[in-house]
Amino acid sequence: MDWLKPEKARSYFATLLERVGERAQQIVPHSNLKFTEENLLREYQRSPHKVRAFIQALTESDSPDMLLMAWRVLQGMEIERVELNYILSQRFAIRVTLRSPYGDEPEIYTSDDIDDAALIRHFGIMKMDEKPVFDGFYPSSSARSGS
Amino acid sequence: MIGGQDIHLPVRSGPEALDFAVRAILRRWKHAVFVANRRPEMLTYDRLEFHDEHLEVIVYRDHGACDLWREKGYDESLRGTMVYLISDPEDLTIVVEDEPSAEIKLLLQTIRNGIAVTFEGNHFYAEVA
Chain A
5 MDWLKPEKAR SYFATLLERV GERAQQIVPH SNLKFTEENL LREYQRSPHK VRAFIQALTE
65 SDSPDMLLMA WRVLQGMEIE RVELNYILSQ RFAIRVTLRS PYGDEPEIYT SDDIDDAALI
125 RHFGIMKMDE KPVFDGFYPS SSARSGS
Chain B
14 MIGGQDIHLP VRSGPEALDF AVRAILRRWK HAVFVANRRP EMLTYDRLEF HDEHLEVIVY
74 RDHGACDLWR EKGYDESLRG TMVYLISDPE DLTIVVEDEP SAEIKLLLQT IRNGIAVTFE
134 GNHFYAEVA
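Protein chains in written order, with the working numbering: chain A, 5 to 151; chain B, 14 to 142.
Derived from the structure by calculation, the hints contain no laboratory data. Owing to the predicted nature of the structure, the values given are computational and were not obtained by experimental measurement. Do not take every clue at face value.
Within a straight-line C-alpha distance of at most 25 Å, the following computed SDA-like cross-link-like pairs (lysine to any residue) qualify [said to hold, decoys possible]:
#, chain 1, residue 1, chain 2, residue 2
1, A, 135, B, 90
2, A, 131, B, 118
3, B, 118, A, 83
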């Protein structure tokens, strides 16, 4: 298949990363995020599983906002709220609110593409005092077992 | 460190489980600071790295606790203010006091159950572990 050729894939992901970077400049300009191959490689050397999780997300979603959301969680943002609205064959909407542990303004990310539901599977799940917590963004198990 | 007990959790990926445990502790201790791989710097979460096969992270409840640990070593007044995490490729070790405080016990339960559900997709294991 044509789209599986390496040069096509590389171009697709480079363009997508550029769009994520543009959204980062608009939503979190203070963070100075640049999604270049070099930066991802540098981050991979620091924390390989974080970049693996992000690369998986790149194959699951083409929404710059939702991919930026994933990256911000990887950086340490807390998942304050996830709102999901789904009606069979009519509507899908997800809205994720992230909270900064450092007191910065909350960040809100939205999508109406049901493909983005795949990203929820990457959230860490825990109970704190029997209360629900989503926290962190991790590679799915198939990639993990090969690492 | 303090006598203490080692709690071993078999995991598929030590660094990922370590990351999970660190974040779980941060939910409880909002001002936690970290010391990684026996280096002197006090780190925040965004400066932690999870890249080696063997990683050690000491989590202090806050700067003050870290300073006191460095000054006094273990002291009864510091009970329940530090957790020692060690990750290997397929193992996460959590070192706590012989008789952990109620808060530390709850943290251990959160970490153990969360790792089972998040990485193993196994609610049953989480409940009986």
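Hint check results:
| no. | hint | in the structure |
| --- | --- | --- |
| 1 | A/135 to B/90 | 29 Å, violated |
| 2 | A/131 to B/118 | 13 Å, holds |
| 3 | B/118 to A/83 | 24 Å, holds |
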